[in-house]
Amino acid sequence: MTTQTTREITYLEAVREALVQEMRADKEVFLIGEDVGTYGGAFGVSKGMLEEFGYERVRDTPISEAAIAGAATGAALMGMRPVMEVMFMDFLTISTNQLVNQAAKMRFMFGGKCSIPMVIRAPSGSGTGAAAQHSQSLEAWFVNVPGIKVVAPSSPYDAKGLLIAAIRDNNPVLFMEHKLLYRLKGPVPEESYCIPLQSAEVKREGRDLTIVAYSIMVPRALEAAEKLAAEGIDIEVVDPRSLKPLDEETIIRSVCKTGRVLIVHEAPLTGGFGGELAAVIAASEAFDYLDAPIRRLGGLNVPIPYNRTLERAAVPQVEDIVTAARALAQEGK
Amino acid sequence: MATEVIMPKVDMVMETGTFVEWLKKEGDHVNKGDPLFVIDTDKAAIELESPADGILAGVKARINDVIPVTEIIAYILAPGEALPVKSAPQQVVTISAPARSRVSAAETVAIVSKTIEPGTVRVTPIARRLAKELQIDLTQLTGRGPRGRIHKADVLAFQKSQPSVESLSVPTAAVTAIESTTPVIPSATRAAPQIALPDARRKQVVPVAGARKIIADRMVHSAFTAPHINLSLKVDMTEAIRLRERVLEPLKIQTGQRVSFTAILARAVATVLPHHPYLNASLSDGNIILWEDIHLGIATSVEENLIVPVIREAQNRNLGQLVMALADLTDRARNRRLTPAEMMGSTFTISNLGMFGIESFTAIINPPESAILAVGKMVDTPVAHEGQIVLRPMMELTASADHRVSDGATVARFLADLKVTLENPYLLI
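Top line first, the protein sequences correspond to chains A and B. Quick note: the first sequence uses the numbering used here, first residue 1, plus one each step. Quick note: the second sequence uses the numbering used here, first residue 334, plus one each step.
Hints are not guaranteed to be accurate.
Unchecked claim - Short derived list, chain A residues pointing at chain B, Cβ under 7 Å: (1) GLY259; (2) ASP288; (3) TYR289; (4) LYS333.
The set of hints was computed from the structure by calculation and includes no laboratory data. Virtual Cβ for every residue (Gly too), placed ideally from N, Cα, C.
Given the sequences, and given the hints that come with them, work out the whole structure.
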């Protein structure tokens, strides 16, 4: 990987580039999903791929997420490396039996005699006016299933590197692509590269407070950090990038440094992944460095509303992060 | 329930208060907040308020009584209530008045009273840990967090505001008393035997107070609790002198300062000390804390007092940076413009009296450090060198260490390492 070949592309193009490069490199890799072929994917991720790889490797399916997940699981069992796409993460509910009871279990139940190298690509999150059935962030459910990994990149660079790592992984990996991030531009090398799944990244260094955020909440946290920097509050933003396996060390190190942590995610707060992060931090050596309670900021416990104003109000926005981070940073000061 | 009225601790070093007068009579009804009694501290007379509503009873304190802090001097009873047979510990009222020194005699100090049950102090984990390390009693703090929660900043602010805290955890400005053959016996050491003073005319009586008292208390504490091991050796400074001459001009251009031998010594100590962790350590609460950082205290003479400005993380500074740090600290020390933070928290101290012609001496450890290095003057001395008797500039180093933390051999190895480094100063690169 050299910097000469790095250029600015969108998150969506980075996902496509990872798919194309992996499909060129390994003929066992194929894409399967609704409208991924002729239509080019619900959001246009696979545009042009049918022309290059043909119907065998870019497979349109009937409208049955159960069938997509089942077919992908079967193909993975037989040694292929399927990448399945659901149009919206919400539709994973229909795939859940195949994913949770079959794909996640087989390697364990057959004593390691098989592996399930598959990727489940799932556009997630709200902000597009798609209402309650097309806007969810369901990562916490899958994090709680042994045998499935969960990845949630926040930048074009991370999306490409993590998707390639996910495709090469021998386990089912749920790959969350936030719909609002698809148009985000960032530097991405042309060459193929891998980002190890268990590697969090400090996206911004700071002294006063750590924000742990992933997916769309990373750019929002970074924007909030810039605003608070003007007030003299110096925020560190840590992106776990992969929720499972989780790079606990990077997060703990950051909290040890700042003594304060705000966890931010879009999914509803109750039962959300933030609770897991909070518990990991509280149980670690970072406990002795905490100078304020661990705080979480998450979505409201409501289905995502269709009304744009209410939709916006239902999940953390930049100003919510600013308010919560400022209050936490100033607690006791 | 009977509320105890106690001799309050209105500043950190207060151990007793002199009772002046009751402003209410026994049997009077008092309201919480009413002026109740007056005490005299060594700083001022202070009027104190009633901690509760009720009837003043069980009055024990009388004029000019010298009463230890927290001792019960009366009770406030509910109507019809009898005096407690013994002290009722449930309702201990801790009075913490802001430690205002030099208040006028008439000034009323507001009493912040609160009922504290053990274990109910709201405090963040790091603040709790820090308070333990600094031996600060959390019940004496008021937190600025929600519902009085104590944060790290509160503990640090408290520590800063209490340079005279007797807890030895804070090496402050305090001054390693270097010429230590006659330890000062301060008023605080109550065990001092009564010895008749000479029948001589007095020129002046200087109270043992302020910085002098802190020095006195610390040095007594160090001298009588830390068994000192003192080891000396002589270092041939020929090469160190050559090194200094070589770098004098370049470093002067770079830093604007002349390299001192103290800077070279500081660099040598900071280089060697990481290999001898028990000399860069503190004894605290049954543990020996080995410090990763070397916060190097440099004993500096300012008029009648010695102060110890601190070069933080000396292990990470090269010679030029040490020269600049030293120049800055000593300059500001002499102009009394150092902040308290710059004079506390050292983990090891260097004391150089060479400039006064002192050839060798032993120092008293500056607590909570566990070792100190006393540096003498370089003296041209006839020594055997490569089969000849020649004059070489010899400098005597005396390391004193706390025998509870380290042993003679540990100190010897440190000194030997330091000698090798100073005699081959290119090892400092």
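Hints and how they fare:
1. A cut of 7 Å between beta carbons decides the hint on GLY259 of chain A: the least distance to chain B is about 6 Å, and the hint holds.
2. Given hint, ASP288 of chain A at the interface with chain B, holds; its Cβ is 5 Å from that chain's nearest Cβ, closer than 7 Å.
3. Of the supplied interface hints, the one on TYR289 of chain A holds, with its beta-carbon coming within about 5 Å of a beta-carbon of chain B, less than 7 Å.
4. A hinted interface residue such as LYS333 of chain A counts as satisfied when its beta carbon comes closer than 7 Å to some beta carbon of chain B; here the least separation is about 6 Å, so the hint holds.
Of the numbered hints stated above, none is contradicted by the structure.
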